[in-house]
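Participant: Sequence:
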Amino acid sequence: MKIKLVLGLSILALAFAPMAKKVDLKFNLENGKTYTQNTVMTTVTKQTIAGNEQVINQNAGTITKMELKESGKDANTYTMWYENISMGINQGGGMTQNFNSDTTKLEAVDPMSELFSMLTGRKFEADIDFSGKIVEVNGLEEIISGATASMGEQAGMIGEQISAGFGDSGLAKNMEMLTAIMPATPVKVGSTWTNKQFTSSGLPLVLNNTFTLKSVADGKAVIDVKANITVDPNQSSTELQGMKATYFMEGSRSGTLEMEVSSGFVSSADINDEIIGSISIESNPQMPDGMTIPIEMNSNTSVSSN
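Numbering (mature numbering (1 follows the signal peptide of the UniProt record, and there is no 0)), first residue to last: -20 to -1, 1 to 286.
Per label pair, the in silico range of CB-to-CB distance:
id : residue 1 : residue 2 : range
1  : 260       : 2         : 44 to 54 Å
2  : 54        : 1         : 24 to 34 Å
3  : 53        : 74        : 55 to 65 Å
4  : 222       : 165       : 46 to 56 Å
5  : 286       : 54        : 30 to 40 Å
6  : 36        : 192       : 31 to 41 Å
7  : 234       : 198       : 19 to 29 Å
8  : 86        : 32        : 29 to 39 Å
9  : 208       : 271       : 25 to 35 Å
10 : 1         : 51        : 20 to 30 Å
11 : 53        : 88        : 46 to 56 Å
What the hints contain is simulated information worked out from the structure, not anything from laboratory work. Keep in mind the model is a prediction, meaning the values are calculated, not measured. For every residue, glycine included, the Cβ atom is placed at its ideal position computed from N, Cα and C.
Whole structure, please, built from the sequences with the hints as guidance.
Facilitator: See the structure below:
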């Protein structure tokens, strides 16, 4: 009798148990609120040239601010600005360089830090749709052009390098890693969805991502991401110092993101990439036998909203 009673209560509980609640994740920041995203990427690159292994440690950080300016039918317009930009590189042998837009932190102000300081605090606009895709950026390239104008003959080259990391294309690739990750339909805990992205690492890499909604609690969604990384077949060939070269690379990504359910804003993330491969340089007058350079890259991207 007791067993029947327990079973009966269990069945009754199941009958009245709510279905798993779905959440509709969209990138739609709230009006009147300033969002802060602090992103730090550290990378260790090992490459072997002529039998000699080189280890390069790099870090790059940005503090980006966002505010909703105007709501739209398919996309919203956001006012954005960089609050801080920093970068560092250590190539071993005492070759270390650090740059920071906050020049008060430096013993001596170098030209790159001075340039970074001219990019911070300057507002531009970005149209971002509800899937998190950046549709259009306005005013950012003009900020970069103005900051590099005083560099004479090098202005064009330096401007291109800065634009690749922090201009329209650099902003899109960096941000979309954290914004263009929304599922096409409402999802519940355990649901998965996929997308394709291009990396901002400077290499022609494609990520085929699989996202899994792990939990929803207190207005926060925890999402796991796993990806396989391959070379973009349309960008696998390039020129390095006038020599034809081809990239052969593959790898994986794994990580966790925490997102505000109401706005789609990623408040924290921890993402790891592991990439191995090589760059093959074709035979040429400078290098008759050509060269293959093995490469191994391990990077971590951490995000906070502090």
